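There are 2 protein chains.
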Amino acid sequence: MTPAVDHPHRPHAEAAAAAAAAAAERAQLLDEATEEIYNSIFRPGSVKINVKGAFIVDPDTSTPAAAARAQPNGQASPTHHETSDIRLPNHTAVVSHIAVDIGGSLIKLVYFSREVHSTDSGGRLNFQIFETDRIDDCVEFMKHLRDNQLELNGSQPGELCVMATGGGAYKFYDKIRDALGVDVLREDEMECLIIGLDFFITEIPREVFTYSETDPMHFVSPRERIYPYLLVNIGSGVSILKVDGPRSYQRVGGTSLGGGTLWGLLSLLTGARNFDDMLEAAGHGDNANVDMLVGDIYGADYGKIGLKSTTIASSFGKVFKEKNRVDAAVRRGARLGGNGNGNGNGNSSATEQTAAGEESESSSSVKLAFDECDISRSLLYAVSNNIGQIAYLQSQIHNVSDIYFGGSFIRGHRQTMNTLSYGLKFWSKGEKQAYFLRHEGYLGAVGAFLRRQPKNWGRRNSLEGLDEILELRRSLKANKESSSQAVATTTTTTTRTAAD
Amino acid sequence: MTPAVDHPHRPHAEAAAAAAAAAAERAQLLDEATEEIYNSIFRPGSVKINVKGAFIVDPDTSTPAAAARAQPNGQASPTHHETSDIRLPNHTAVVSHIAVDIGGSLIKLVYFSREVHSTDSGGRLNFQIFETDRIDDCVEFMKHLRDNQLELNGSQPGELCVMATGGGAYKFYDKIRDALGVDVLREDEMECLIIGLDFFITEIPREVFTYSETDPMHFVSPRERIYPYLLVNIGSGVSILKVDGPRSYQRVGGTSLGGGTLWGLLSLLTGARNFDDMLEAAGHGDNANVDMLVGDIYGADYGKIGLKSTTIASSFGKVFKEKNRVDAAVRRGARLGGNGNGNGNGNSSATEQTAAGEESESSSSVKLAFDECDISRSLLYAVSNNIGQIAYLQSQIHNVSDIYFGGSFIRGHRQTMNTLSYGLKFWSKGEKQAYFLRHEGYLGAVGAFLRRQPKNWGRRNSLEGLDEILELRRSLKANKESSSQAVATTTTTTTRTAAD
Numbered sequence: 001m002t003p004a005v006d007h008p009h010r011p012h013a014e015a016a017a018a019a020a021a022a023a024a025e026r027a028q029l030l031d032e033a034t035e036e037i038y039n040s041i042f043r044p045g046s047v048k049i050n051v052k053g054a055f056i057v058d059p060d061t062s063t064p065a066a067a068a069r070a071q072p073n074g075q076a077s078p079t080h081h082e083t084s085d086i087r088l089p090n091h092t093a094v095v096s097h098i099a100v101d102i103g104g105s106l107i108k109l110v111y112f113s114r115e116v117h118s119t120d121s122g123g124r125l126n127f128q129i130f131e132t133d134r135i136d137d138c139v140e141f142m143k144h145l146r147d148n149q150l151e152l153n154g155s156q157p158g159e160l161c162v163m164a165t166g167g168g169a170y171k172f173y174d175k176i177r178d179a180l181g182v183d184v185l186r187e188d189e190m191e192c193l194i195i196g197l198d199f200f201i202t203e204i205p206r207e208v209f210t211y212s213e214t215d216p217m218h219f220v221s222p223r224e225r226i227y228p229y230l231l232v233n234i235g236s237g238v239s240i241l242k243v244d245g246p247r248s249y250q251r252v253g254g255t256s257l258g259g260g261t262l263w264g265l266l267s268l269l270t271g272a273r274n275f276d277d278m279l280e281a282a283g284h285g286d287n288a289n290v291d292m293l294v295g296d297i298y299g300a301d302y303g304k305i306g307l308k309s310t311t312i313a314s315s316f317g318k319v320f321k322e323k324n325r326v327d328a329a330v331r332r333g334a335r336l337g338g339n340g341n342g343n344g345n346g347n348s349s350a351t352e353q354t355a356a357g358e359e360s361e362s363s364s365s366v367k368l369a370f371d372e373c374d375i376s377r378s379l380l381y382a383v384s385n386n387i388g389q390i391a392y393l394q395s396q397i398h399n400v401s402d403i404y405f406g407g408s409f410i411r412g413h414r415q416t417m418n419t420l421s422y423g424l425k426f427w428s429k430g431e432k433q434a435y436f437l438r439h440e441g442y443l444g445a446v447g448a449f450l451r452r453q454p455k456n457w458g459r460r461n462s463l464e465g466l467d468e469i470l471e472l473r474r475s476l477k478a479n480k481e482s483s484s485q486a487v488a489t490t491t492t493t494t495t496r497t498a499a500d
Numbered sequence: 001m002t003p004a005v006d007h008p009h010r011p012h013a014e015a016a017a018a019a020a021a022a023a024a025e026r027a028q029l030l031d032e033a034t035e036e037i038y039n040s041i042f043r044p045g046s047v048k049i050n051v052k053g054a055f056i057v058d059p060d061t062s063t064p065a066a067a068a069r070a071q072p073n074g075q076a077s078p079t080h081h082e083t084s085d086i087r088l089p090n091h092t093a094v095v096s097h098i099a100v101d102i103g104g105s106l107i108k109l110v111y112f113s114r115e116v117h118s119t120d121s122g123g124r125l126n127f128q129i130f131e132t133d134r135i136d137d138c139v140e141f142m143k144h145l146r147d148n149q150l151e152l153n154g155s156q157p158g159e160l161c162v163m164a165t166g167g168g169a170y171k172f173y174d175k176i177r178d179a180l181g182v183d184v185l186r187e188d189e190m191e192c193l194i195i196g197l198d199f200f201i202t203e204i205p206r207e208v209f210t211y212s213e214t215d216p217m218h219f220v221s222p223r224e225r226i227y228p229y230l231l232v233n234i235g236s237g238v239s240i241l242k243v244d245g246p247r248s249y250q251r252v253g254g255t256s257l258g259g260g261t262l263w264g265l266l267s268l269l270t271g272a273r274n275f276d277d278m279l280e281a282a283g284h285g286d287n288a289n290v291d292m293l294v295g296d297i298y299g300a301d302y303g304k305i306g307l308k309s310t311t312i313a314s315s316f317g318k319v320f321k322e323k324n325r326v327d328a329a330v331r332r333g334a335r336l337g338g339n340g341n342g343n344g345n346g347n348s349s350a351t352e353q354t355a356a357g358e359e360s361e362s363s364s365s366v367k368l369a370f371d372e373c374d375i376s377r378s379l380l381y382a383v384s385n386n387i388g389q390i391a392y393l394q395s396q397i398h399n400v401s402d403i404y405f406g407g408s409f410i411r412g413h414r415q416t417m418n419t420l421s422y423g424l425k426f427w428s429k430g431e432k433q434a435y436f437l438r439h440e441g442y443l444g445a446v447g448a449f450l451r452r453q454p455k456n457w458g459r460r461n462s463l464e465g466l467d468e469i470l471e472l473r474r475s476l477k478a479n480k481e482s483s484s485q486a487v488a489t490t491t492t493t494t495t496r497t498a499a500d
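In order, the protein sequences belong to chains X and H. With UniProt numbering, letter number 358 in the first sequence gets 358, and the count goes up by one each step, no holes. With UniProt numbering, letter number 249 in the second sequence gets 249, and the count goes up by one each step, no holes.
Keep in mind that the hints were calculated from the coordinates and are not lab data. Don't take every hint at face value.
[Unchecked claim] Pairs of lysine-lysine residues, derived as DSS-like cross-links and limited to a Cα-Cα distance of at most 30 Å, are as follows:
1. X/K304 to X/K143
2. H/K171 to X/K308
3. X/K171 to X/K143
4. H/K143 to H/K304
5. H/K304 to H/K175
6. H/K175 to X/K304
7. H/K429 to H/K308
8. X/K175 to H/K308
9. X/K429 to X/K308
10. H/K171 to X/K171
11. X/K304 to H/K304
12. H/K304 to X/K171
13. H/K143 to H/K171
14. H/K175 to H/K143
15. X/K308 to H/K175
16. X/K425 to X/K304
17. H/K308 to H/K425
18. X/K175 to X/K143
19. X/K308 to X/K171
20. H/K304 to X/K175
Just so we're clear, the structure is a prediction, and the values are computed from it rather than from any experiment.
Go ahead and model the full structure; you've got the sequences and the hints to work with.
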């Protein structure tokens, strides 16, 4: 095991001193204190990622990641969802770490690669996904990265270090460390989510967007003030975090009704073999065949309380009624004939088979057959609406208007985004805004990746160090009796130059 | 069609005058104004129900309702949930109406019957339930009640009037009116829920209770101050109402994930034929076989944010993983043999049949077979927890501590109540209290029933008229320049005596 080396070059304090010569002494003080924090808190040392000019690479560009995926051990998962790389044209330093976010269902992996096949300088962040159950494939892929470190990112074999977050960082800690023979550094899941999201919001152009059916995909430019916001991270389950500043956050809630619920129930109810099949099916379905609408109960709107006849009153509310109807018919049919044989049909729903197993052949006209597409759409609506509502209620309680939806559940799926976005707008009467991200599933992995680099590297202060600097300001003020105004100027300058 | 008659007897003002002779003139004024309100607003007239000494009758007591249920047309629904009658020992007047609350899945019916087989005076409120799809059975039952009005409640045939609420009051209005040949008066669903709940909270001893696994069923005595409270009414879907006073309420939210969702999904996923089968199955299940727990992801607690290893991270989160495992095995098995035949087994889950329809016989060891009981328990938890959480969030937003759970979803089921109660206590750190009711499913029906009786009949002012009286007080004060103190005394006296 080879601990990663500290990157020796720190343009940070030098640049600060140059830009604010008048505050040199204070900057020096600040730098020394900051360096101490580096050494005491962020062990082992850091690697600077230069994100200046970062942009998202068009998906069909040939990338080292694509080449890597073609490796037998790094083969794309059957549930792989293509994610664009992010190019970092100005980053030329060596990167000796990769990051993994190991969730309940999926492993998200992020690594840096130089542009070995290009004459350009810089390199790119690559994004890769595995099912958690295929952790061995993921480990093989990481071995491949380790063995190709020189070509990929300029570091020597043996220098790899793994930044791991998510529950699997604990559960699979020994497995990864032993298989790769490298240091595995575990980072808190929630903290990584926020670091990753702040990075995407602040540093990556054309990453964050709004979405609605009537007004699709609008990219949002980074704003000066991004806090407070709510992050609703939808993986197997859902976590909701309120974020007040770069390192100031709390998990305010969540729900167990997340992606795992949709995928789990649909794999019981339909023949779909993967997430994309399910989403595709939902796109063709009509939930009104499965859900009980207000109009089904009232025969019209329930205008007094503002419920339209098309509002879903009860998700899957028509199913039990239909079952009763079929059961009654089966009881009648049972007098006429014996039991039929269930004939499993690849295109039919499990429902139909259940009914078929119980009914007589003479009563085949009363089969309880719901369309798989209708079921898929109903469940997608149910889960998405529910998450949207809980997000709205939390945003009310915490008085927050900007809500970012992240996590691997969304997968850029239009109906999902529209449901979340529409619900939020409807409940808040237009006062809350839903935001989505192109790298929605990789917040935690990118956050873990970025944990290994110096403070204040971001161009727009998206990342760590702000809290510590504020704390330093307070102690400097108290100890040196220097004016807080001067220190604030210095700090700002330092922060800005450090990013360049 | 025979409009119901006004009940001529109004002890209300007389008693007020007797009890507060000094305020006779004001009481007279008040009475005249109140009478005007009767006539102008609550047309057609009212029937006084004397609830003094009301109590819940032990279920095994023979009742007219039980006798009625034995009628061919009034037979108990297969989903019938036994509900205790409420005895009104002091009510002797004629009652010429019945009430129905017609929801998306169930019809709840309430009617009064004299104690014809008893030497006691008074009578009782009877509770009956039908599936909404069996509306014809319900209409037959109502015809039976109509034809037996003399025996049941002293009114003459032809005097019946139906108070209807719920969506079906609109959807089935013509059907009921035409079949019975009587007046059908439609009442707003939300308003009836609140009137019914106020009645149960205020007038019926041993009706409201708290519940938790560690401290089961504690009855709650009626309190002087019951407002504000939240009503979470769980039928096919869920409505959440915030109530500030006897007629002051608003529907603050709801969710489509309600009883219809549980029943619908379980009827697709299991062989259960009715609600009670499903609840029974849930009682024997272990959701950890289906749900992804925090411990499944982390291998331990996620202590930093207070999540125990047993916390449900993702409802049904283990299912998709299992499906992938089975699919892989099926692909391997397919090389060995042909397709098997699905053999519908009454006790197996639909899942198992789906897998059976696709796998080769040689790979029968990899069947995707989840236990129906585990599935039932998981879904019961998912739906109950979700409702509990949304109720909690709404109670936070509206600053309310008392939360009543009503509706036919609960059915007195211990796991359901415990989940709702536990969740609320957990999230609120013990600051919010969940309340349940023995007649939980009949709030709307009882509310509709009570819409047809005079103001201020309740012993504890549970019902209508308070707002109007307060308004009267204000106008009396302004017009007559009498002291508000004296009027308040009169009003209080009037209100109290009116109930006796």
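Going down the list of hints, with the structure as the test:
1. X/K304 to X/K143: 63 Å, violated
2. H/K171 to X/K308: Cα-Cα ~15 Å, so holds.
3. X/K171 to X/K143: With Cα atoms ~19 Å apart, X/K171 and X/K143 stay inside 30 Å; holds.
4. H/K143 to H/K304: 63 Å, violated
5. H/K304 to H/K175: Measuring from Cα to Cα gives roughly 60 Å; hence the hint is violated.
6. H/K175 to X/K304: 23 Å, holds
7. H/K429 to H/K308: 16 Å, holds
8. X/K175 to H/K308: 23 Å, holds
9. X/K429 to X/K308: 16 Å, holds
10. H/K171 to X/K171: 56 Å, violated
11. X/K304 to H/K304: 46 Å, violated
12. H/K304 to X/K171: Distance of about 16 Å is within 30 Å: holds.
13. H/K143 to H/K171: 19 Å, holds
14. H/K175 to H/K143: Holds, at about 12 Å.
15. X/K308 to H/K175: Since the Cα atoms of X/K308 and H/K175 sit roughly 23 Å apart, the hinted pair holds (cutoff 30 Å).
16. X/K425 to X/K304: 21 Å, holds
17. H/K308 to H/K425: Status holds; Cα separation ~16 Å.
18. X/K175 to X/K143: Judged against 30 Å, a Cα distance of about 12 Å means the pair holds.
19. X/K308 to X/K171: This hinted pair is violated, its Cα atoms lying about 48 Å apart.
20. H/K304 to X/K175: 23 Å, holds
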